[in-house]
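Residue numbers (the working numbering), protein chains in the order written: chain A, 1 to 111; chain B, 1001 to 1810.
Rather than coming from a laboratory, the hints here were simulated on the basis of the structure.
All residues carry an ideal CB built from backbone N, CA and C; glycine is no exception.
Hints are not guaranteed to be accurate.
Beta-carbon label-pair distances, calculated as ranges [to be verified]:
1) B:GLY1198 x A:GLU35: 40 to 50 Å
2) A:GLU37 x B:SER1780: 29 to 39 Å
3) A:PRO15 x B:SER1780: 22 to 32 Å
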Amino acid sequence: MSDWIDIAPLEAIQPRGARLIKTAHGCVAVFRTAEDEVYALDNACPHKQGPLAEGIVHGKAVTCPLHNWVISLETGMVQGADEGQVSTYPARVEDGRILLDVAFIRSRSAA
Amino acid sequence: MSKKLIVIGAGMASGRALEHLFDEGADYDVTLFNAEPRGNYNRIMLSPVLSGEKTYAEIVTHDADWYAANGVTCRFGEKITAIDRAAKTVTADNGDVLAYDKLMFGTGSNPFIIPLPGHDLDGVIAYRDLEDTELMMSMGADNKVVVIGGGLLGLEAAAGMAARGADVTVVHIMGHLMERQLDEAAGYLLRKALVDKGITVKCSANSKEILGENGKVRALLLDDGTELPCDLLVMAVGIRPNIALGQEAGLAVGRGIHVDDQMITSDPDIVAVGECVEHDGAVFGLVAPLYDQAKVVAQTLMGNEAQFVQKEISTKLKVTGCDLFSAGDFADGDGREDIVFRDPARGVYRRLVIENNVVIGAVMYGDTADSNWFFGLIKDKTDIAEMRDTLIFGPAYQGGTPMDPLAAVAALPRDAEICGCNGICKGQIEDAIAAGHTDLGAIKATTKASASCGTCTGLVEQVLAVTLGDDFVMPAAQSVCGCTDMTHEDLRRMIKSQKLTSMQAVFQECGWKTSCGCHVCRPALNFYLLADWPIEYQDDPQSRFINERKHANIQKDGTFSVVPRMWGGITTPDELRAIADAADKYMVPTVKVTGGQRIDLLGVKGEDLPAIWKDLNDAGMVSGYAYSKGLRTVKTCVGTDHCRFGTQDSTGLGIKLEKTLHGSWTPHKLKLGVSGCPRNCAEATCKDIGIVCVDSGYQVSIGGAAGMDVKETELLIQVPTEDETILVIKAVTQLYRENAKYLDRIYKWLAKVGMDWVKDQIEDLDNRQALVDRFELSQSVYRHDPWARHVDEQAETYQPLANLSMEAAE
Chain A
1 MSDWIDIAPL EAIQPRGARL IKTAHGCVAV FRTAEDEVYA LDNACPHKQG PLAEGIVHGK
61 AVTCPLHNWV ISLETGMVQG ADEGQVSTYP ARVEDGRILL DVAFIRSRSA A
Chain B
1001 MSKKLIVIGA GMASGRALEH LFDEGADYDV TLFNAEPRGN YNRIMLSPVL SGEKTYAEIV
1061 THDADWYAAN GVTCRFGEKI TAIDRAAKTV TADNGDVLAY DKLMFGTGSN PFIIPLPGHD
1121 LDGVIAYRDL EDTELMMSMG ADNKVVVIGG GLLGLEAAAG MAARGADVTV VHIMGHLMER
1181 QLDEAAGYLL RKALVDKGIT VKCSANSKEI LGENGKVRAL LLDDGTELPC DLLVMAVGIR
1241 PNIALGQEAG LAVGRGIHVD DQMITSDPDI VAVGECVEHD GAVFGLVAPL YDQAKVVAQT
1301 LMGNEAQFVQ KEISTKLKVT GCDLFSAGDF ADGDGREDIV FRDPARGVYR RLVIENNVVI
1361 GAVMYGDTAD SNWFFGLIKD KTDIAEMRDT LIFGPAYQGG TPMDPLAAVA ALPRDAEICG
1421 CNGICKGQIE DAIAAGHTDL GAIKATTKAS ASCGTCTGLV EQVLAVTLGD DFVMPAAQSV
1481 CGCTDMTHED LRRMIKSQKL TSMQAVFQEC GWKTSCGCHV CRPALNFYLL ADWPIEYQDD
1541 PQSRFINERK HANIQKDGTF SVVPRMWGGI TTPDELRAIA DAADKYMVPT VKVTGGQRID
1601 LLGVKGEDLP AIWKDLNDAG MVSGYAYSKG LRTVKTCVGT DHCRFGTQDS TGLGIKLEKT
1661 LHGSWTPHKL KLGVSGCPRN CAEATCKDIG IVCVDSGYQV SIGGAAGMDV KETELLIQVP
1721 TEDETILVIK AVTQLYRENA KYLDRIYKWL AKVGMDWVKD QIEDLDNRQA LVDRFELSQS
1781 VYRHDPWARH VDEQAETYQP LANLSMEAAE
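Could you build the full structure based on these sequences and the hints that come with them?
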């Protein structure tokens, strides 16, 4: 069973922006798209651990600020000619609040 | 038994005719005579040979192997002296008599030499063949050359000689250059471009006499008494069909050898092709109709039906840096209207002449990318009533939403000419693609399309793209990014002309393929919009790279570097103490002095940024914009304050400039330097904008770089006062903001628009003031300290959204 926890109001993140969530096992980036969907990914590009939360969000993807790798927010897969994947975690918006699945925290601590 | 075909003249038309003949599998035994001691080459490419852009070897169209493979007997350097039509034989100048079944005239034309007194002096030549070209090439640097004739050929000769370092004067009898192809306004722009290349142009000038000394040319005398000294005089005033041999053989001739629609002369066994013919009252000097004739004559020799039809022709000038296109008829006349588009800022001029809702003439200067489309309208006599309002903007602006440029190419018929130099039409390229030649190099190699002057390369690529679809990857730099097919230039034009003031409007009107752009187009769009509409447009931080969004430089480990502004490189002990305190407090691992004389605090954590900024703000410092595509620093030397050589207060000027310009967003980073004397201790001459103070004032130069490319600045202007210096710099900064492509430094932009154009813009005082006013308007919005704003308004966004580390530990 999913156990969703309330993180913050949706407005806390700019459209096409991102904010970080600190966990015991490193930072997770929560992204908000122009369509007000939210996605949660590890804040590290598979290339050189670039902070994805600082990248430019476009469509359902983010471009890493260090070397322009483009990563799908839906799958965490690196797009185009590059290869790699970023861990993704369940996230959703309900009544204007950002919710994350606590199971993701456990999965991170188990990892 | 093969039939015997004798060809007289190895020019472009006869060469092409032979190609078609062999392509058709003709069973002819061909003997090719040529008075020039060589085979077929592309004569219209002599201009690039003259200017040094190509070698002779590159313009040969048929080499010895080709002749051998097709069994052509070559008799180069030999003339035909007589033709006996009754016996069907020709006589060569060595006395050989050869029989023919069919004879082809391809004798071309002779340059017209004005019979001025002195025209037979040594050093007076026409510009016609390789010998002329080689003589001209040998007369390059430090020689004085006069070219009589301001038409296509004369100007190409002049530009080529100028490129070889000669001192060139063009003398033209008419009031403006290329008067047969251009109207006065375009002629003026062309003249200006040539003058900028260092060529002297004299229009409305009548030549009277060629003066000599010891049998060699010395000067040209005009009838107003002007003497133009020269070591070489090139006459490029026109050509005359070479009909002497035909006339002697008793063929019907007028201005040229008469031919019918099948290219047959008055003798059914003799055909003629190229510049030597007269068809329906017309003679021909441009290549496109010659190639059409070559196709027809080959079919005729094969015994097939074919018909030569005269078509509209267009002209392009092959002078590097002069983008010029002309087609059709643009004379004034009753019932004719014209639409003129003039953008002096970009040096672009377009004029369309319309009669009964049909375009009958077009002149384009500066931007000829759409010339094929306009030419198509002329050829097809398209009714333009529906698109009249936007016609002048070209194919991208038709039908409400901009048309995909590929759709325009897709709509071209198979016989639309793509490559004018080689007469290649769309169908031939499509056939080559179908045969497996799927990139530009292969198309060049197999069809010769775009293998000559190269102006059609973009079109060839578009044909590839249309034909291959997704299999063809358009070379980069064509469009801004994958979200659009438009180039940066198109986009800037759309934003200005359609008054697009928001990113959504651009996405909508320009047919963006993605919902909200990408990391490539959005920063560019954001800049263009704020540069063009500083009041209407709301800056979009989410379309900025992280450095600009967070006002600090991101480092490889995700930390940031912070650079406080030190106006003109001046600081104080108090400021230094505040910086040292901040470095201690936020555990800055590295403190470094930058190349621009500022102090860089490297390794600051993202969440500490608002706090360190606040501390620095409290000590009186503001953001140094070290992260921006905008004004970075103004580097200075000490000038008159302390230096015994300093001629002006360079530090003071640097401070004033930095206070004036800071906060201004530009297409790329902008760095200035002010040196107090020509010893140039501030290294001002490798900055984007450099000022060198001299006794008499201030030398402002632009376009330096010391990055991926190292460039020295070029002098823009020298002005006497500090105030005027600041005005000039504001104006040139605004000019750069309004015109350059995003991520082009000034030197790259300068290479595109030319220093002379920038000078003209700045020297025109009204224009200078207008630029300054627009700069100040923009600065009224953007000149502020982003650190203070973020500390006040959004410091919390720099902190984590939530801290779940405790829950994780449960």
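Results for each hint:
| no. | hint | in the structure |
| --- | --- | --- |
| 1 | B:GLY1198 x A:GLU35: 40 to 50 Å | violated (58 Å) |
| 2 | A:GLU37 x B:SER1780: 29 to 39 Å | holds (38 Å) |
| 3 | A:PRO15 x B:SER1780: 22 to 32 Å | holds (27 Å) |
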